Amino acid sequence: MTSANFDALKAGDTIDGPVFAVSRESIRLFCDASLDYNPLHLDDDYMKGDFGKTNFGGIILHGMNNFGLISRMLTDWALPAGAIHRRLETRWLKPVKPGDTIRPAGTIKAKQTTSKSRWVLVDVAVQNQRGETVAAGEAMLEFPASAKAS
Amino acid sequence: MAQAESSAATPFETDFWKDAKLRKMWDDIVPGEPRKTLPYKLTQEAIALYCRAVGETNPLYLDEAAAKAGPYGGLVAPPAIHILLMFACTPADDWMRSPGTVNAGQSWSYNIPARPGDTITLQARALDKFIKRERLFVVHDNVFFNQHGDVICSGRGQTIRPM
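Protein sequence lines correspond, in order, to chains R and C.
Letter by letter, the first sequence follows residues 1 to 150 of the numbering used here.
Letter by letter, the second sequence follows residues 1001 to 1163 of the numbering used here.
The following block holds chain R by itself, in its conformation from the complex:
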């Protein structure tokens, strides 16, 4: 994994995220932590029905659980270097179900210096244990002039 040093960072450098085992219990815990008790995440009978053209077949992970894991990866990488997680945009590509193992990762896309600060753009993606991308997006981190190792 690349260290969070603005001057040394270059496109293609990578950030490793945490491995996360998804279970019925982890989904239930996320319901309690987020107060999102949508039956998509709780009710298997409800999830046997069709959603337009989609049938999930059982409960699914909150999309925002993916979002929270990506955010965790970014802050764990940036904070020790004095950098700040400023933006995250994600979209969801595949449902995640109990029994899946997911892991976010980041790839540095570009650096930008503005009149008052310095910025790093990161492509982010979450993959499951089959190597399928379940969520993707991009993030923006700020490296203030005071950030370490600059």
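Mixed in with the good hints there might be a few duds.
[What the hints assert, rightly or not] Quick list of simulated restraints, FRET-style, between CB atoms: (1) Gln1147(C) to Thr114(R): 44 to 54 Å; (2) Arg1156(C) to Ser3(R): 25 to 35 Å; (3) Arg1156(C) to Lys109(R): 18 to 28 Å; (4) Pro1011(C) to Gly12(R): 47 to 57 Å.
[As the list claims (entries may be wrong)] Straight-line Cα separation of at most 25 Å, SDA-like style, residue types lysine to any residue; simulated pairs: (5) Lys116(R) to Leu1136(C); (6) Lys53(R) to Gly1157(C); (7) Lys1018(C) to Leu79(R); (8) Lys1129(C) to Asn5(R); (9) Lys1041(C) to Arg86(R); (10) Lys1132(C) to Met1025(C); (11) Lys1024(C) to His1148(C); (12) Lys1024(C) to Cys31(R); (13) Lys116(R) to Gly1157(C); (14) Lys116(R) to Lys1018(C); (15) Lys94(R) to Ser26(R); (16) Lys1068(C) to Leu79(R); (17) Lys1024(C) to Thr1101(C); (18) Lys97(R) to Gly1055(C); (19) Lys1068(C) to Lys1129(C); (20) Lys1021(C) to Asp45(R); (21) Lys1129(C) to Glu138(R); (22) Lys48(R) to Tyr1072(C); (23) Lys53(R) to Pro98(R); (24) Lys97(R) to Phe1137(C).
No lab work stands behind these hints: they were computed from the structure.
In this text, all values refer to a predicted model and were calculated from it rather than measured experimentally.
Beta carbons: idealized from backbone N, C-alpha and C, even for Gly.
Based on these hints, arrange chain C on the given structure of chain R.
Coordinates of chain C only, in the frame set by chain R:
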């Protein structure tokens, strides 16, 4: 009139079917119209529970002494705490709770961290709605503030609405 804080007034209704009939369907949602919101007092317990759910272990969120010596001079919440705030700051008849609401995408910008003890308020509305491939979409526009009127974070989301 002073609003009751959502954490103190009534226990959170976890059965999202219960008030389903009170909630606006896609047809009823007027882009631009403010949503009803509730102030919410963010506690260290709620932050710790969120951290447990996503495996956050950073001492800035969990260890008061370490956080005091850190860049924010005290405990803060992880940036993505807005995931909780969205439901904590909206009433039971809000259409984010309609069973079958599917999240289609989110983008969030972070200004300053929320802190335990903050009273958080939300300004929210549907900004747009559209139909794509027979699905009913709404674009959400949300801004969270602390008790000093400072922006904590702002976000735009899209959900697919239940038919």
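(message) Of the numbered hints stated earlier in the document, which are not met by this structure?
(response) Hints 1, 5, 7, 8, 11, 13, 14, 19 and 22 are the ones this structure does not satisfy, whereas the remaining hints hold.
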